[in-house]
Every structure is written in C-alpha cells, then in structure tokens.
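Visitor: Next come the chains, spelled out residue by residue.
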Amino acid sequence: MRILILSIALLLIVGTISAQSTGLEPGNKSPEIKLPNSKGDTVSLSSLKGKLVLIDFWGTWCAPCVAEQAELAKLYNKYKLSNFTNGKGFEIYGVSLDAKKSNWENFINTNKISWIQVSDLKFWRSPVAKTYNIQALPFNILMDGNGIILAKNLHGIDLEKGIARFLHK
Amino acid sequence: MKTKLLIFLFLLIATSVFASCQYSSQGQNDPWTPQQLLAPADLAKVLNDPKAPQPLVFSIGMQAIIKGSIDIGPAMNAENLNTLKGKLNKLPKNTQIVVYCGCCPFSRCPNIRPAMELLKSMQFTNYQLLNLPQNVKVDWIDKDYPMNE
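Protein chains in written order, with our numbering: chain D, 1 to 169; chain X, 1 to 149.
It is worth saying that the hints were derived from the structure and are not from the lab. The model shown is predicted, which means the values in this text are computed figures rather than measured ones. The reader is advised that the hints may include incorrect statements.
Straight-line C-alpha distance at most 30 Å; calculated DSS-like pairs for lysine-lysine [to be verified]:
| no. | chain 1 | residue 1 | chain 2 | residue 2 |
| --- | --- | --- | --- | --- |
| 1 | X | Lys143 | X | Lys90 |
| 2 | D | Lys100 | X | Lys85 |
| 3 | X | Lys51 | D | Lys100 |
| 4 | X | Lys85 | D | Lys101 |
| 5 | X | Lys45 | X | Lys85 |
| 6 | D | Lys130 | X | Lys67 |
Chain D extracted, bound-state conformation (with noise of 0.2 Å):
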C-alpha cells in the first residue's frame, strides 16, 4: 500500500515538473532567430556575438509585458556599456507575437524604445515560438556572449540581479 501511494505521489510530482519545463536550459546554446525589424531590414540574434543579451519576448496584447517595458528601458540605459565576465555591453533583443504591425510600430514610437525588435506578425503562429517552447508571455531568455544561455524568465528585481551578477568586476 504504502509503495502504492509513493508511486503515485512521484508520479504527481516528475508530471507537475514537466508541464512547467521549456525545454531550453541554462548551458545550451540559444537557438539562432533571424526576423525583419519594423523597418524590414533582418536583424539576426547571432550578429550580437560578443555582448550580454536579453531576449524579450513579448506583445503589445500582453498587459505583463507592456507593464515591463519601462522596467526593461532602465536595465538597457543603466548596462548598456557594462563590461560583463561574458560579454562586452548589454543589448535586448525584443521579440514581439503581435500580429498587426501598427500595434507594434506605435508601441515602439510612443515609448521610444531604442532596442532592438523584430518581430514576423504570426502571434502565437510564430515559428520562434515553437523554436524557444515558450508556454506563456512574458517570457525571457539572459545569454552570454558565445550564445549561451545563463538564465531564463527573469522578471523583475530577479532580472536585474540575473544581468548585475555577471558584471565584470
């Protein structure tokens, strides 16, 4: 009986876990993204080799990720030209699932966000979003300068001292 009621306590447990889990772990490399900016012009998450990034995903439908954006605003203006253990200067690369490109485009002029953001307008159709697993927005991705992931879904004070802990001292 006893081994019964274990078994079936470890079976709750390893499904709660994997229903949580994305798939993509600190230490792996980050899969490579390559999508047009507002202007058209395609912008690779490779071609930011060498620096810290946080990769944002988000969309101006998503009232949590609007919220975060004036957050994400101070870390990027505040580490933008920090040195870091695993990587020179910071940058985001903001990934949005909108699907109507006016939304997207007025967001990013009305709150003048200097990042970057690309985005293909599939919303949850977009191919980044079965690439990274992602389950829910926001969600976020901290990788080193080689491409490799350090952290994943960060929010708040956790995100600043998920970026400050690699700080080259």
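We have chain D already, so just place chain X on it with the hints.
Guide: Chain X alone, transformed into the frame defined by chain D:
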C-alpha cells in the same frame, strides 16, 4: 511514520491544486457557465469531420488561427465588438456559435468577457467559449488541431 506520510501527501495535493489553479477556466464572476466551455478536442473533432454540423466560430482576439474561424478582432475594442454585433444580428438565436481568443490565460484575457456578455445580452441560446485556459498555442497549435492557412 504514518503521520509523516500523511503530511507529505497533504503538501503534495496542495501543490497540485495550486498548480492547476494557475490556469483556471472559471472565475467567480465570469459570464459563462462550466457547461458553456467547449473542449478544444471536441471542436477539433467536429472541424475535421466534413459531415458534422459545423458551428460558426468567431475569433475575437488577435488572429483567426482556428480553421474556418471568422476574424472579428479583439473584442475589447468597441469597434470590433460592434462588428460582432452586426454579424450576430443576422443570425437566428439558436445558431451554434463558438468564440475564442487565446492570447493569454483566461484570468487576464481582455476579450472573452465582452464577447460572451454580448452573446448573453442578445439572448443567444447555443453559444460556447472555446476552453483555451492558457493560450491558443499551448491549447490548440501545439496539439496540431486544424488551422487556417
């Protein structure tokens, strides 16, 4: 030993309940009943069966992803809600209607409530909300259910 095991099981059940509540399909004041939630697997089955009577499926979110669905646009926008109203005005009250958004978890979605309230206020008798408690990617696309080209 028995007490420890009971405490362990209690904590485990509590954790599971908490995890399942993260994407709850039904809030206290939501304008739909549990019976009005349509399982994605059930809709997919109907859409894949050309002989089955097909419901009218309206996308009241960002994009009409589901096969055959009609793109209304986000129902939080008054103009889009009016578009939906215009289409509904032409239909018999017993038309089988399904609405979906799928942008975000139900608790945060700004579009499903205005659409469901409109259907209720117009006294439709056979309408449902597609149960996409997390989003249309996790609950539809990832399951390879039929999509618009």
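Visitor: Each hint should be assessed against the structure and marked as holding or not.
Guide: A quick look at each hint next to the structure:
| no. | hint | in the structure |
| --- | --- | --- |
| 1 | Lys143(X) <-> Lys90(X) | violated (33 Å) |
| 2 | Lys100(D) <-> Lys85(X) | holds (23 Å) |
| 3 | Lys51(X) <-> Lys100(D) | violated (35 Å) |
| 4 | Lys85(X) <-> Lys101(D) | holds (26 Å) |
| 5 | Lys45(X) <-> Lys85(X) | holds (28 Å) |
| 6 | Lys130(D) <-> Lys67(X) | holds (19 Å) |
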